[in-house]
Amino acid sequence: MDPENQGRIKSTVERYGTDDLVVVLGAADLEGLEMVAETVTEGDPSYVGPLAGVQLGLPVVHIFEDDLREQVDPAIYDERIGFVELAVDSDAVKATMKKLRGEE
Amino acid sequence: MDLKGKKVIALGERDSVSGEAIADCVRTAGADVVMIETECFV
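These protein sequence lines map, in sequence, to chains A and B.
Every letter in the first sequence is one number past the one before it in the numbering used here, and letter 77, counting from 1, is 77.
Every letter in the second sequence is one number past the one before it in the numbering used here, and letter 6, counting from 1, is 6.
It is worth saying that the hints were derived from the structure and are not from the lab.
Quick caveat, the model's predicted, so the values are computed rather than measured.
Just so you know, nobody snuck in bad clues.
Stretch by stretch, here's where chain A covers chain B in the computed footprint (C-beta under 8 Å, at least three residues):
| # | segment |
| --- | --- |
| 1 | 7-16 |
| 2 | 24-31 |
Derived list of chain A stretches under chain B, where covered just means 3 residues or more per stretch with a C-beta under 8 Å from a C-beta of chain B:
| # | segment |
| --- | --- |
| 3 | 4-12 |
| 4 | 15-21 |
| 5 | 29-39 |
| 6 | 68-78 |
Selected chain B positions facing chain A (in silico; Cβ < 7 Å):
| # | residue |
| --- | --- |
| 7 | Ala-21 |
| 8 | Val-34 |
| 9 | Met-35 |
| 10 | Glu-37 |
The C-beta atom is built at its ideal place from N, Cα and C for all residues, glycine as well.
Taking the hints into account, I'd like the entire structure generated from these sequences.
Following this line, the structure appears as structure tokens:
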């Protein structure tokens, strides 16, 4: 993850704390997903950014996941997400998210 | 996970769902979006 974005996340955590913070991802690139999820939980795997060695342990979910989708206005979801979801392998994304959270 | 009242960091991807699109969606679920970013992995 871009070091500048790592810095913004670190500042956001310092400002709001971790109790109510959730990271919602939108990537369909599986390697990218893993990298981002690891960065906001275990720390920057490349050890170059501000989150190197910083275990934030933030909860990580994906906008494609049913649990989230059910809470979103369906019209907005279809307008903003629907066409992307059809164009990518959303099942692989969901499976990757479960694996990253140790749910399978 | 119940999004209502949560503070959300929306991290999108340029070639998939953008951070802005994530933010628009989670706001309808009652979440407070505190950071929006769209990454590029390539």
